[in-house]
Amino acid sequence: MSLATPTALIAEDEPLLAQALQTELARAWPALKVVAVVGDGHSAVQQALQLQPDVLFFDVRMPGLSGLDAATRLADEWSGERPFPALAFVTAYDQYAVQAFEAQAVDYLLKPVEPARLQKTVARMQQTLQAAPSFDATLAQLRGLLRAHAAPAAAPLQFIQASAGNTIRMVPVDEVLYFEAADKYVRVITPGHEYLIRTPLKELLPQLDGQAFWQVHRGTVVRASAIEQVTRDEAGKTWLSLRAHPERLAVSRLYAHLFKPM
Amino acid sequence: MLMRAVQAAALNTVIALGITLFGQRGFGASLVYAQCIGMSIWALTDFSRLWLIRDWNTQWRRLVLLVPLGVIIGNLLGTLLADALLGTRLHDYWTAEPARTAGFLVMSLGAGTALTYYFLSRAQLARERQALEIARRQASEARLKLLEAQLEPHMLFNTLANLRALIANDPARATDMLDRLIAYLRATLSASRQSTHPLREEFARLRDYLELMAVRMGPRLRYTLDLPEELAALPVPPLLLQPLVENSIRHGLEPKVEGGSISVRARRTGERLTLEVSDTGTGLGTTASGPAGFGLAQVRERLATAYGQRAALALGTDAQAGTHATLTLPYPS
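Chains G and Y are the protein sequences, given in the same order.
Under my numbering, the first sequence has 125 at position 115, and the numbering climbs by one with no breaks.
Under my numbering, the second sequence has 314 at position 186, and the numbering climbs by one with no breaks.
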């Protein structure tokens, strides 16, 4: 695909608004070809991976996955061959999201979309496509957005209360090697045991000491002191091996910056 | 403080003028005495009240003791000070002419009391003005908060964006949507001023809201409203059901990719009126403490205000069947 016919994906759950954006885009950027319009976050990720468009318009509030979660998941799973698409978020009214977009210099549109504002965004996107910005810069922006979005730190958790049949096991947080999201549960792994809890990772994270526990993947939080070795395979993927556990943990692209030689 | 000192000095000058006009001394000497005595009285009273009266509302009576004491001691000190400054011996006067001295003391007391009263009433006025200002600000803040909750900006701007899209493509539908938005806004803004409206009206406003949402969500939202004719005229607090329907949409259907349906029903069971909002959404789950909780708290509060213990709100929720909210009110006799 050459830049002469750039392609776009629109993720917007309100059908009339998706259509309106498409109409406005046809006026502001006649060369742009909209290759997919999707109504939820999961489809957005899946279609973007499959069609590899040049630009993305992601609504912030969508069913399934929010626009921000969809964008970070897409970045995690993006193959390195093509440059990551130019991304603009679309929102009706999210004060905090808008503040974060401003802070991270991430492009965004407010609904109803004004033609003049869209024209500016289009100009910026065209520039971005020509300059082919580094993926690292995009990752840093997304990390900044995630940080701004995270719940405020809560009092640090001392014990994980995991139910096992009729009993509740009190697992000291100090013993936990890592937490891993698995469907509707979170696996809590200690050197000798594995427990399942229902508290989502997103709620758990602010209650963990950020110095001791590092998020290395959207579904994995690991105790930094339990990591023995970090390796990169031929595909450029980063893996962690632990001191007290045989399982290897994948580090997603978003968090690979944590593991650089000093 | 400085302002009060200047005002006290001005009064002293007037007194000195008075003494010169009616008395025997020259203006210069009178002025020195009047200022020394007056300023001593002012300083004693004003500084000691800073120290003795912390809370005006409960301790203002201390002034009754403070002002006369200030006047007597101020007279003593001021006279001695002026004597030292001018090299005269006015304080001999105290023993020589007790009647005149007493008269002079009474005049000082009068001046001191008058000035204190003047200062006090000004301070009182300023405090009252400030309290009024604070109350006014708090009231408007509370009102703004309530309005912002009712006119959820996210809903408003999304609706306007849809309207903007419709104006070009489907003007007839745009007009219909605008009419509903107007009715919704009018009802929201006037809800706080009415105490009740007929159930028919309540259901009409819910229909406005649901129609607006149906335009936005397209096929992802289906709804049914069921109001038996014999219940249509019953009075209910305005927009009582609104937060429940809003919760069903925001926390039940909007997060669900395939959407779902909402049904609102009114029925009579014996001496009770039951209003039910149920949806096939994701269930309240862990988000009940968030904005959903705010809406529910609002409904409970309004029920308590209108019916006391005779009304109840029951919630049932699970991920498979969605959420059911049931309001039970006394049947109006």
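The hints are simulated quantities; they were obtained by calculation from the structure and are not laboratory data.
Since this is a predicted model, take the numbers as computed values, not measurements.
Each hint should be verified, as a subset may be incorrect.
[Unchecked claim] Simulated coverage check for chain Y against chain G, where a stretch passes if three residues somewhere in it have a Cβ under 8 Å from a Cβ of chain G:
1) 176-184
2) 292-305
[To be verified] Just a sample of chain Y residues kept apart from chain G, beta carbon distances all over 10 Å, derived:
3) A242
4) N286
5) R344
[Said to hold, decoys possible] Simulated pairs of lysine-lysine, DSS-like, Cα-Cα distance not exceeding 27 Å:
6) Y:K384 <-> G:K212
7) G:K194 <-> G:K270
8) G:K212 <-> G:K247
9) G:K212 <-> G:K130
10) G:K194 <-> Y:K384
11) G:K212 <-> G:K194
All C-beta atoms, glycine included, are put in the ideal place defined by N, C-alpha and C.
Status of the hints after comparison with the structure:
1. Chain G is given as covering the stretch 176-184 of chain Y, and this is violated because 0 residues of the stretch bring a CB closer than 8 Å to a CB of that chain, at least three being needed.
2. Look at the stretch 292-305 of chain Y against chain G: 5 of its residues bring a Cβ nearer than 8 Å to a Cβ of that chain, three or more, so the hint holds.
3. The claim that A242 of chain Y is not at the interface with chain G holds, since no C-beta of that chain comes within 10 Å of its own (minimum 56 Å).
4. Residue-level check failed: N286 of chain Y sits 4 Å from the nearest beta carbon of chain G, not beyond 10 Å.
5. Not every Cβ of chain G is farther than 10 Å from the Cβ of R344 of chain Y; the closest lies at roughly 5 Å, contradicting the non-interface assignment.
6. Between K384 of chain Y and K212 of chain G the alpha-carbon distance is near 19 Å, which keeps this suggested pair within the 27 Å criterion.
7. Taken as a hint, the K194 of chain G and K270 of chain G pair is broken in the structure, with Cα atoms around 33 Å apart against an allowance of 27 Å.
8. Note on K212 of chain G and K247 of chain G: the hinted pairing holds, with a Cα-Cα distance of about 24 Å set against a maximum of 27 Å.
9. For the given pair, K212 of chain G sits about 35 Å from K130 of chain G by alpha-carbon distance, which is inconsistent with the 27 Å threshold.
10. Between the alpha carbons of K194 of chain G and K384 of chain Y the distance comes to roughly 16 Å, so the proposed pair stays at or under 27 Å and holds.
11. As the CA atoms of K212 of chain G and K194 of chain G are separated by approximately 12 Å, the hinted pair is consistent with the 27 Å bound.
Of the hints listed earlier, those the structure fails to meet are numbers 1, 4, 5, 7, 9, in rising order.
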